[in-house]
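Visitor: In case you want the letters, here they are:
Number of protein chains: 2
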Amino acid sequence: MVLYLIGTGLNDERDMTLGGIELMKAADKIYLESYTSILSQRADLMKYTNGKQLIEADRKMVEENCDEIIEEARNKSIVLLVVGDPFCATTHSDLVLRAYEKDVKVEVQHNASIISAIGCTGLQVYRFGETVSIPFFDGSWQPSSFYDKIKANIERGLHTLCLLDIKVKEQTIENMMRNRPIFEPPRFMTVNQAISQLFILEDKLKQSVISPNSLAIGVARIGSSDQKIVSGTLCELSDTDFGSPLHSLVICHPDLHLIEQRFFEIYRKK
Amino acid sequence: MVLYLIGTGLNDERDMTLGGIELMKAADKIYLESYTSILSQRADLMKYTNGKQLIEADRKMVEENCDEIIEEARNKSIVLLVVGDPFCATTHSDLVLRAYEKDVKVEVQHNASIISAIGCTGLQVYRFGETVSIPFFDGSWQPSSFYDKIKANIERGLHTLCLLDIKVKEQTIENMMRNRPIFEPPRFMTVNQAISQLFILEDKLKQSVISPNSLAIGVARIGSSDQKIVSGTLCELSDTDFGSPLHSLVICHPDLHLIEQRFFEIYRKK
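Chains as they are written, first to last, in our numbering: chain H, 3 to 272; chain F, 3 to 272.
Simulated from the structure, these hints should not be mistaken for lab results. Hints are supplied without guarantee of correctness; some may be wrong.
Calculated cross-link-like contacts (lysine-lysine; reagent style DSBU-like; alpha-carbon spacing at most 35 Å) [stated by the list, open to error]: (1) F:K272 with H:K54; (2) H:K62 with F:K31; (3) F:K54 with F:K31; (4) F:K49 with H:K31; (5) H:K78 with F:K62; (6) F:K107 with H:K62; (7) F:K107 with F:K49; (8) F:K104 with H:K62; (9) F:K62 with H:K54; (10) F:K62 with H:K49; (11) H:K104 with F:K49; (12) H:K230 with F:K272; (13) F:K272 with H:K49; (14) F:K107 with H:K104; (15) H:K153 with H:K104; (16) H:K230 with F:K271; (17) F:K49 with H:K271; (18) F:K31 with H:K27; (19) F:K54 with H:K272; (20) H:K62 with H:K104; (21) H:K27 with F:K62; (22) F:K54 with H:K27; (23) F:K107 with H:K271.
Fair warning: this is a prediction, and the values are worked out from it, not measured in the lab.
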């Protein structure tokens, strides 16, 4: 049989593909990954399981029970639902790799991902350099590799898509030490938080990568009926309310092309 | 009313989203863009039009009748079906921009695009630099900007996704001059042709970007049941038969990460 990795797209169950729905209905068992997502899709997806349970799979579960899931797929039809496109997280690549190495068949149903959907800002998708992730700073833990990558992208005339941190099922150190299964409420980085971290790094590293006048576009809930796209300077966006998650941020190359400029004006903070 | 841009995904009608199907069924009029695609979806998509025609829209049509389509959308529900994700071609950005500027509402149904689906090669999607397009050389017309971009990506430790040229509804210069609506058969660049063009540029520019030993991954028909992924050196891939279109090519950064290496071995040309 087969291990199916099915992308669920950007938002709700209307983003599922026909092929994905078919496979879900026919599957013996369905896992839903819960560590890169906000799970707003869960209830809606239940409509298409033919009465089967939707088994929540957090990162630990997928990583630790990886071999078990693969063994199940040897004789059964196993679905793992993944938010966005299945290959945009390393954990899934690792799962697929192990399945291949054990000669278990893997099939993928691709779906929309923020990596291409970000084109809805009007910025040309081919003009993006390396995508970066901005993690929540924690006290003195302030990694800066994303700052260097934004710098390198700008030097090459490119925009940068910044994916903002998601903390789901995190434990405090105390709870972890005592092995207590108590989890902190999920946290999703806002555009505002991302900008303030960028300012902190600029203050510290002083490479003139980021300034209050840098052009940027903040987005929230892309692809949903209440998506929000606002362009402006980082200073302007730093107090813009983007509402509920998920948020992403684009740091634009300062020289926008003509079409990009016109989109930028349309989305400009009023 | 609304102008809906609906992504059709990578292959057949099973890649359509539920939301996209709903909108197609309810639409007053449906256009299907025919210039970035191979139209293999056409017959299948007809199942979901509720008896409406699927109006073929080539690039000329979308560009020249842009204002007309937008005016239609002022009072009707107009769908434009676009292969992949709607914002991956500049023509569509231009259409959306004009609609916004005329105060006509636009909604987008995103879908899978090769830009994120390329992750199925096992290369990390975040480790890709700027995407390039390789156009068919024509006599002495041998543009080389993609060669420079591959070079810049490698220098920064990044892979390069090369989208290969598609020529649909092209006219000979003679037919164009005489205004005869006679079109050449569609042409799709193969992985082999792309590689031979890369070798031509290396011979000419001698920047040591491309060599017969460069690591690369060729892909064809990604997301379909007969997709093909083959990794190897450019020399090995230069005579690999990838079958029918569409093809794409990844020029890898020579230092693959550990997981990337293991995928590379799995897809290695035997």
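Visitor: Do the alpha carbons of K62 of chain H and K104 of chain H lie within 35 Å of each other, as the hint requires?
Guide: 21 Å, holds
Visitor: Keeping to a limit of 35 Å between CA atoms, is the pair of K54 of chain F and K27 of chain H held or broken?
Guide: 29 Å, holds
Visitor: K31 of chain F and K27 of chain H were given as a pair; does the straight-line alpha-carbon distance stay at or below 35 Å?
Guide: 32 Å, holds
Visitor: Given the hint that K230 of chain H pairs with K272 of chain F, test it: the Cα-Cα distance must not exceed 35 Å.
Guide: 49 Å, violated
Visitor: Within 35 Å, alpha carbon to alpha carbon, are K272 of chain F and K49 of chain H?
Guide: Judged against 35 Å, a Cα distance of about 44 Å means the pair is violated.
Visitor: Is K78 of chain H within 35 Å of K62 of chain F, Cα to Cα?
Guide: 49 Å, violated
Visitor: Would you check the hint for K27 of chain H and K62 of chain F, treating anything up to 35 Å between C-alpha atoms as holding?
Guide: Outside the cut-off at roughly 42 Å; violated.
Visitor: Under the criterion that the straight-line Cα-Cα distance not exceed 35 Å, is the pair K107 of chain F, K49 of chain F satisfied?
Guide: 27 Å, holds
Visitor: Is the straight-line distance between the alpha-carbon of K62 of chain F and that of K54 of chain H 35 Å or less?
Guide: Roughly 49 Å between the alpha carbons, so the hint for K62 of chain F and K54 of chain H is violated.
Visitor: For the pair we were handed, K272 of chain F and K54 of chain H, check the Cα-Cα distance against 35 Å.
Guide: 41 Å, violated
Visitor: Do the alpha carbons of K230 of chain H and K271 of chain F lie within 35 Å of each other, as the hint requires?
Guide: Violated: K230 of chain H and K271 of chain F sit about 45 Å apart, past 35 Å.
Visitor: Regarding the pair K107 of chain F and K271 of chain H, is the alpha-carbon distance no greater than 35 Å?
Guide: Judged against 35 Å, a Cα distance of about 19 Å means the pair holds.
The structure does not agree with the numbered hints 1, 2, 5, 6, 8, 9, 10, 11, 12, 13, 14, 15, 16, 17, 19 and 21 stated previously, though it agrees with the rest.
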